[in-house]
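Participant: With these hints in hand, go ahead and build the complete structure from the sequences.
In this text, residue positions in the sequence shown follow numbering that gives the first Met the number 0: the first is 0, and each later residue adds one.
Just so you know, the hints here were simulated from the structure itself, not pulled from any lab data.
Careful: at least some of the hints might be erroneous.
What the hints assert, rightly or not - Between beta-carbon pairs, the in silico distance windows are:
id: 1; residue 1: Ser-235; residue 2: Gln-138; range: 24 to 34 Å
id: 2; residue 1: Asp-119; residue 2: Tyr-174; range: 23 to 33 Å
id: 3; residue 1: Ser-198; residue 2: Val-107; range: 21 to 31 Å
id: 4; residue 1: Phe-22; residue 2: Val-107; range: 35 to 45 Å
id: 5; residue 1: Ala-57; residue 2: Thr-11; range: 18 to 28 Å
id: 6; residue 1: Pro-115; residue 2: Ala-230; range: 18 to 28 Å
id: 7; residue 1: His-190; residue 2: Pro-237; range: 33 to 43 Å
id: 8; residue 1: Asp-88; residue 2: Arg-179; range: 36 to 46 Å
id: 9; residue 1: Arg-135; residue 2: Lys-193; range: 13 to 23 Å
Heads up, the beta-carbon is just placed ideally off N, CA and C, and yes, glycines get one too.
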Amino acid sequence: MAATDTFARRATLSRSLRLLSEFRYEQRDPARFYGALAADTAAMISDLWLGIHGRSPAGCTLLDVGGGPGYFAAAFAEAGIRYLGVEPDPAEMHAPSGAPDDLSVAFVRASGMALPFADDCVDMCLSSNVAEHVPRPWQLGAEMLRVTRPGGLAVLSYTVWLGPFGGHEMGLSHYLGGARAAARYARKHGHPAKNDYGSSLFAVSAADGLRWAASTGAMVCAFPRYHPRWAWWLTSVPVLREFLVSNLVLVLQPRE
Numbered sequence: 000m001a002a003t004d005t006f007a008r009r010a011t012l013s014r015s016l017r018l019l020s021e022f023r024y025e026q027r028d029p030a031r032f033y034g035a036l037a038a039d040t041a042a043m044i045s046d047l048w049l050g051i052h053g054r055s056p057a058g059c060t061l062l063d064v065g066g067g068p069g070y071f072a073a074a075f076a077e078a079g080i081r082y083l084g085v086e087p088d089p090a091e092m093h094a095p096s097g098a099p100d101d102l103s104v105a106f107v108r109a110s111g112m113a114l115p116f117a118d119d120c121v122d123m124c125l126s127s128n129v130a131e132h133v134p135r136p137w138q139l140g141a142e143m144l145r146v147t148r149p150g151g152l153a154v155l156s157y158t159v160w161l162g163p164f165g166g167h168e169m170g171l172s173h174y175l176g177g178a179r180a181a182a183r184y185a186r187k188h189g190h191p192a193k194n195d196y197g198s199s200l201f202a203v204s205a206a207d208g209l210r211w212a213a214s215t216g217a218m219v220c221a222f223p224r225y226h227p228r229w230a231w232w233l234t235s236v237p238v239l240r241e242f243l244v245s246n247l248v249l250v251l252q253p254r255e
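Facilitator: Set out below in structure tokens:
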């Protein structure tokens, strides 16, 4: 499909292995991990825009829902994209991140499920690894489509619950059930997990995301975010995709 042709050339096995190796540093060196993830995400969004529109997204405006402290802001600003971040947690907004202090970047404290923006106000809208942290992920998706201009680009990427990283810091214990995994983590560490099942972490399936995206009439394509191109076929196989896709990317283009 033309929308993914450019990015598909970047989706190699070496890229997948490189990103997998960076996951080791999420806790001990977040700047390294999130910096690498942000750069890869900015490249992915730029490739998707190029595939759909045949031109660079430089000069376009992107709204990042749940963008965190600013690693993504720095990556998108470097790509020449005007960045607007939405983050509900003030601690995340003010954490050090190397975000550029210029007019190409701005942050707003708000919920992704009720974006404080007018309809059709941005060229692109991104949500990276947020949908599994909200109780109504498809309300988040609907808000993303609402604020994106017709013909623009909305990209919602999230961690699939039954994939190996579905439990986040709870590890593979989420296969025992979310409530049991949360209780096990709390017993072991003496406090609830940051991504606590039922309050800040929810079970979101690949099937649910694909069903919602198809229902909008705006779906362009879907693929596993961190897999090489030759493994994208996994997205089309029921059951198997729940365990092996890991992170699902839904690409949508709002219509007139």
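Participant: Could you tell me which of the numbered hints above are not met by this structure, giving the numbers in increasing order?
Facilitator: 2, 4, 6 and 8
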